[in-house]
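Chains as they are written, first to last, in this note's numbering: chain A, 1 to 142; chain H, 1 to 360; chain L, 1 to 374.
Simulated from the structure, these hints should not be mistaken for lab results. Do not take every clue at face value.
Stated by the list, open to error - Chain A stretches covered by chain L per the calculated footprint, using a threshold of three residues with CB under 8 angstroms from any CB of chain L:
id, segment
1, 6-18
2, 21-30
3, 37-48
4, 53-67
5, 106-116
Stated by the list, open to error - Cβ-Cβ distance ranges computed for the label pairs, FRET-style:
id, chain 1, residue 1, chain 2, residue 2, range
6, L, T232, A, G31, 20 to 30 angstroms
7, L, E241, H, S156, 19 to 29 angstroms
8, H, G158, A, G107, 57 to 67 angstroms
This one's a predicted model, so the numbers in the text were calculated from it and none came from an experiment. Glycine included, every Cβ here is placed at the ideal spot set by N, Cα and C.
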Amino acid sequence: MSGVGGLRNVEAWRTRIPRYRFLGARCKSCGKLHYPPLKACPYCGSRDLEEAQLPRQGRLLAFTSVYSVEEGGREESPIFVGLIDLGVARVVAELTDVTDPSRLAAGIPVEAVFRRISEEDDEGVIVYGVKFRPVPGAGEGD
Amino acid sequence: MAAEGAGSRPESRAGIHGWGAYIPVYRIPTRVIAAEWGWPDHQWKALNVAEKAVAGPDEDSTTMGVEASLNAIRRARIEPSRIGAVFFGSESKVYAVKPSATIIAEAVGATPVTMASDLEFACRAASEGMKNSIALVSSGMLEYTLVVGSDTAQASPGDVLEFSAASGAVAFVVGPRDGAAAVFEASYTYVTDTPDFWRRAGKPYPSHGEGFTGEPAYFHHIMSAVKGLMEETGLKPGDFDYAVFHQPNGKFPVRVAQKLGFTIEQVKQGLVTPLIGNTYNASALLGLARVLDVARPGERILVAPFGSGAGSDAYSIVVTDAIEERRGLAPPVDYYINSKVVIDYGLYVKFRGKVVKRRI
Amino acid sequence: MPVSVKSVGLTRIDRHYNKGVYDLAVEAVDDALKDSGAEPSYLVASTSASLLLEPQLDLASYLASHLGLRGSRALAVEAGEASGLAAILAGYRLAISTGERVLVVGVDKLSDLPSASVHAALKHVFYRYGDALYKVGHAAVAGLLASLYMDRFGVDRETMSYWPAMMHSHAKENPYAMLRFAVKPEKVATAMPVASPLTLLDMFPLGDGAAAVLLDPQGGGLAEIASVESSTGPASIAFSEDPLWLDAVEESWRRALSTAGVNGVEVLEIHDSYTIMGLLILETLRLAERGKAAELVAEGAFTVGGSGPLVNASGGLKARGHPVGATGVYMAAEVAMQLADVFPGVKADDAKTGAAVSINGHGSSAYTAIFRST
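With the hints as extra help, turn the sequences into a complete structure.
See below:
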């Protein structure tokens, strides 16, 4: 079961660029952006897509604290997850730097940060990518 | 304020185009660590470190390095693909074998036509990257380089090192003199084989020579480098507006400044360790970043990082007019210093993976 | 001649520590075939979580060996949490096109491994490089949807708690259900948190089970299949203009009603992996106004004597259980038994039409099967 939950070395490598740089795709047909990039626009189905940088600032639409975490997640539980509105797109992402869940609320500003996402075990590769955190000094932290 | 003998040195053909900081939000007060291990108050008060920055469970030297680099590149306002070298200085690299510099280079968009390497020289590795960058840029070999100092400093629980070993990162985009926010004037490096502080391969925590880390190591090397720089350039302490030294605690940089003839006024702005602890490879360079956050065109800065093992580099840097338009392009060091959440010892132990699952 | 559900076989969903997938599947199939005589020509197997937990590829052939069905035509279907009803769709189309009997068997086993391993496997019902990238397990997206729902419609936690209470009151009467005990609504909010605002009492139990249905193109048996339809939905709730409206459910339901030529049904089994999914499906099927499903549930609209159809008389995924790959087959069997008036639990009163609605995850796909009495 080791590693069943996270990306393995080669696929993590293959998919690193969008994850490292928070690059999504813009549909040349309907103009909408999405992340992570699929092979077709999730809104209109067009295959005519181009790479697009997503904004690193957004607002929290909804959040949850997950206690029923998977293997390898227990030492970080509860794990917070948010649905984030970036204006031009929405993303589901892990929320980090949450010390006081009572300060999480729909509408608070959040920002993208580069973090560890998972690792196979302490001998495997580390998967990095973007998570979101409440913008320090804007309602969370003091 | 022009210094004699400085203008024609190769250093003057390179400068700092962007600087960026990153400090995790978590802080543990030194007082809390002392109470956990039963130290009397004077033990921690003597270090002049109020609290230290602690990386979150999903942070490491690489992630902090990426954040600082993104800030530095925002200030430099350059296409990341123009960066020709990424130097990552850290003594808390997540891989013993495999560069962290490539992860940072990839994340900021400097790949693939770039050099990238992790440097090791205790707390001075990033400074060596700075000096390499000056050489590569001033020779014309490269246009821009990215220098990153980042550490999640390790300290064995209960060791006095635990009071100060902190987490933080700093990054600089080094490039040609034209358009730089500050230009290098001169540099001087002083290195000997002095085992004051070390960590053997495969060991989680460093060992140190206690008092041996002071006079023969920290003080001797920094003073030798700074004196060497002043002798070569003819500059005197009074020629500098700011002086920044490596900061293992809040007290050493002040003492070394006094020994060299600098005033507390010159040192104050560059002191970050009293506020967030010793960030190792980011320590003195984060002090430099904090000076650049406020320095005015024409002001001269002395920076002297130190690394155990042991060595020190002294740099003379002069601020240019371009600094004003760069400052606001990324958060200042103080934004990160002030954005904080205080945690207790239990959370600190959990975050830094120090929970030992002991067999009964 | 319409394809009918000739016979069904179910195992009680439980932590069957002493039984593996083959033991459970054979038990369900024996139960289904005990009165029906002729052997099926096709075996369609459905399994999902076990593919990751206790891996076995080409499960259908090995199951055929265990069943003594040598030389049979066997294949497996996988569609995440909707696998069971996807297998019914495949079996139904096979029965129509070949005129042969098709045995559909769903089986899955979640109790052998620690729950953290099960959550690690089950999170893969979500997109691997998207919502499933993080160490979030299976419940996170349901937590987000519940949080959005409460915010948007001003529904309080206590009102939502009537869903699990109703599921438990139904499951109590169902001998095949895993959780055969009552739960008071006021206990739900304070149970162990799973993904806030959802608790363990909002979530399906991790159990094992197998269900089999024999599809016969010659008609007869428990019920006729009027239609089986499906639709895919968005790859993430992030790609949905309104994540609280399940596009795939709406479309599969519309297609199924249209093919069957009916406007609605009297008895319904729907996918309620978490309380919120049950409520969202009720609203997407237009059995409740937006934001009003929980209130209607609390008023007893979907139980015996209520104003709506009888929903999840089995106890639903919440209390009957959700052995992932088997769930849709359970649903089909339960609806068929209701229409034949032989369901051994809470019964619909003289129902002539029924439906099963199954989805994967947040609705990346949805399946609807409509049945009518023979």
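Cross-check of the supplied hints:
{"no.": "1", "hint": "6-18", "verdict": "holds (count 3)"}
{"no.": "2", "hint": "21-30", "verdict": "violated (count 0)"}
{"no.": "3", "hint": "37-48", "verdict": "holds (count 3)"}
{"no.": "4", "hint": "53-67", "verdict": "holds (count 7)"}
{"no.": "5", "hint": "106-116", "verdict": "violated (count 1)"}
{"no.": "6", "hint": "T232/L - G31/A: 20 to 30 angstroms", "verdict": "holds, 23 angstroms"}
{"no.": "7", "hint": "E241/L - S156/H: 19 to 29 angstroms", "verdict": "violated, 54 angstroms"}
{"no.": "8", "hint": "G158/H - G107/A: 57 to 67 angstroms", "verdict": "violated, 44 angstroms"}
When held up to the earlier numbered hints, the structure conflicts with 2, 5, 7, 8 and fits the remainder.
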